[in-house]
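Colleague: Protein chains in written order, with our numbering: chain P, 1 to 125; chain E, 126 to 551.
Check the hints yourself; a few may be wrong.
[What the hints assert, rightly or not] Below are the BS3-like pairs computed for lysine-lysine, each with C-alpha atoms no more than 25 Å apart in a straight line:
{"no.": "1", "chain 1": "E", "residue 1": "504", "chain 2": "E", "residue 2": "169"}
{"no.": "2", "chain 1": "E", "residue 1": "223", "chain 2": "E", "residue 2": "127"}
{"no.": "3", "chain 1": "E", "residue 1": "473", "chain 2": "P", "residue 2": "82"}
{"no.": "4", "chain 1": "E", "residue 1": "145", "chain 2": "E", "residue 2": "177"}
{"no.": "5", "chain 1": "P", "residue 1": "103", "chain 2": "E", "residue 2": "169"}
{"no.": "6", "chain 1": "E", "residue 1": "310", "chain 2": "E", "residue 2": "459"}
{"no.": "7", "chain 1": "E", "residue 1": "127", "chain 2": "E", "residue 2": "210"}
{"no.": "8", "chain 1": "E", "residue 1": "422", "chain 2": "E", "residue 2": "177"}
{"no.": "9", "chain 1": "P", "residue 1": "103", "chain 2": "E", "residue 2": "167"}
{"no.": "10", "chain 1": "E", "residue 1": "473", "chain 2": "E", "residue 2": "127"}
{"no.": "11", "chain 1": "E", "residue 1": "255", "chain 2": "P", "residue 2": "82"}
{"no.": "12", "chain 1": "E", "residue 1": "451", "chain 2": "P", "residue 2": "103"}
{"no.": "13", "chain 1": "E", "residue 1": "276", "chain 2": "E", "residue 2": "169"}
{"no.": "14", "chain 1": "E", "residue 1": "223", "chain 2": "E", "residue 2": "136"}
{"no.": "15", "chain 1": "E", "residue 1": "459", "chain 2": "E", "residue 2": "394"}
{"no.": "16", "chain 1": "E", "residue 1": "425", "chain 2": "E", "residue 2": "315"}
{"no.": "17", "chain 1": "E", "residue 1": "223", "chain 2": "E", "residue 2": "255"}
{"no.": "18", "chain 1": "E", "residue 1": "276", "chain 2": "P", "residue 2": "103"}
Keep in mind the hints are simulated off the structure, nothing from the lab.
Because the structure is a prediction, the values reported are computed rather than measured.
Each chain is listed here by its residues.
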Amino acid sequence: MDTDYIIITNNPFVASEYGEDHLVDYQEESFISLLQRVQRFVYEGHELLSHPLSGSVKPKETLYKSVLIAKKVAGLDLSSLKLIDSSIETCEKFHYKEETNEKNLEDMRFVDYTLISSAIASADV
Amino acid sequence: MKLEMGHINIKDVQFGSESKIADGVLYVSEDALRQVVLEDEKLKSVSFDIAKPGESVRITPVKDVIEPRVKVEGQGGIFPGVISKVGTVGSGKTYALKGMAVVTAGKIVGFQEGIIDMTGPGADYTPFSKLINLVMVIEPIADIKQHQYEKAVRLAGFRAATYIGELARELTPDETHIYETCTMKEGLEKYPELPRVAYVQMLQSQGLLHDTYVYGVDAKQTLPTILNPTEVMDGAIVSGNCVSACDKNTTYHHLNNPVITDLFAEHGKTINFVCQIITNENVYLADKERSSDWTAKLCKMLDLDGIILSQEGFGNPDTDLIMNCKKIEAQGVKTVIITDEYAGRDGKSQSLADADAAADAVVTGGNANQVIILPKLDKVIGTMDYITKIAGASDETLREDGSLEVELQVITGATNETGFNRLSAR
């Protein structure tokens with residue numbers, strides 16, 4: 001499927017559900033590392049298409065995050081820059097939670113999947 | 126629209142052989158209610174319990190809190206588009222059972238949301254410690270997907286509240302409150318000198334455990350629109366979200382939104398309460414731009430002088446909040462925001478994830494990161510298995526003496542952003 005966005009994610013469930021017919025850039029990494037990766041894309045000129053702090057399970061209370069960015073490199077978009085920078089800054093006030101229970105991890109992956117799916121539904125219109 | 130809300134004051138709730146209300150006491154037949162709940166084959170079992178104010182009881186994990194209602198006269202039915210058929214509500218006569226609520230509880234996903242303590246310091250931070258709660262702990266069948274279970278529990282709660290509300294149909298209310306709205310033209314003619322004020326309510330709309338429904342429509346799919354405030358009082362909006370507990374609007378909050386009742390109290394006196402505008406909080410950034418553009422456009426088209434703007438949630442919705450505020454102010458319409466804060470445990474961090482100079486009139490619902498110690502209570506309805514997983518808790522939450530060190534985030538309704546809490550400035 002030819003989309004004009006890329007799904008940046010650390011969520012293997014999102015990668016497997018969307019990997020076949022969407023552009024997915026998956027890496028196994030921490031929540032904050034995922035946001036920093038998105039930040040690098042923004043600095044390279046990709047526009048942010050979904051909010052990096054989607055969902056109310058707070059940063060560091062969930063391990064997984066998926067974010068949509070524009071495929072096209074259009075030059076530095078200042079509102080994307082402001083948003084990703086402030087999102088990373090916001091993460092600092094939350095406390096990291098360790099999670100090892102596989103069922104809980106599966107649930108976190110699924111909720112992140114539904115959040116990014118709502119963005120993809122809008123993007124695909 | 127003219128809505129007569131009749132209050133049936135419930136002073137006690139007991140289980141009995143037959144469901145009925147007599148002399149202010151609600152008797153519930155567990156067998157009959159079980160049939161109503163387990164109508165959905167995706168639900169395996171349900172247990173019922175009653176929690177009363179002052180008891181040493183903790184209810185967790187809380188999904189939704191619902192006030193039982195019955196529509197005795199007028200168009201539409203209870204929870205239109207969800208339980209009743211779609212039909213415009215907000216007029217006629219509706220009775221509400223006051224002093225009690227149906228609470229749904231049970232594990233849907235691994236990070237559990239919501240504690241209601243019926244006594245102790247935690248009780249001070251939730252309005253639901255003041256109600257007699259009929260709690261339903263619901264278990265799904267095996268191999269059910271999380272979103273199927275969420276929907277099944279959500280609808281079971283509404284069915285139960287409707288079944289119980291129906292018991293009040295033939296009663297005479299203990300008190301009646303009348304709410305009347307004007308058309309645009311009527312309002313202009315009747316109150317030409319009063320400031321035109323509307324309530325802009327932002328609805329959570331992001332995905333599983335983060336959704337809200339308007340006449341049965343997922344708020345993610347909606348564009349900003351106008352409602353009569355009595356429609357919201359009469360059940361047009363219901364909750365499908367419980368993450369995080371402190372600032373989610375339960376269905377009870379939607380049915381009893383204090384912004385609406387307070388604006389009605391001033392209507393015709395200090396303000397002309399023109400209408401309610403609802404908008405959403407989608408994840409996709411273009412949706413945020415569209416919705417905030419639209420909301421600002423409606424404010425301008427309605428010739429409003431000012432609005433109260435409440436959000437639901439934190440982080441992603443803060444972007445919508447500031448977009449709405451900036452754009453509405455740019456139309457020459459004054460805004461007052463109601464929001465809670467995530468200012469860190471020491472209260473020193475920036476409270477919101479976004480900010481703008483236009484957002485200079487803000488009423489706080491409290492700091493969700495504020496730490497509280499909840500004592501061990503004698504009884505738990507639900508399960509404590511996931512207590513460390515709730516947003517606002519951590520691996521250090523459960524202390525040796527059985528008390529919980531948590532943030533206010535974990536308490537259902539603690540920093541509610543319609544001001545339905547004790548932390549707001551008045």
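Colleague: Could you tell me which of the hints above the structure violates, numbers in ascending order?
Modeller: 8, 10, 11, 12
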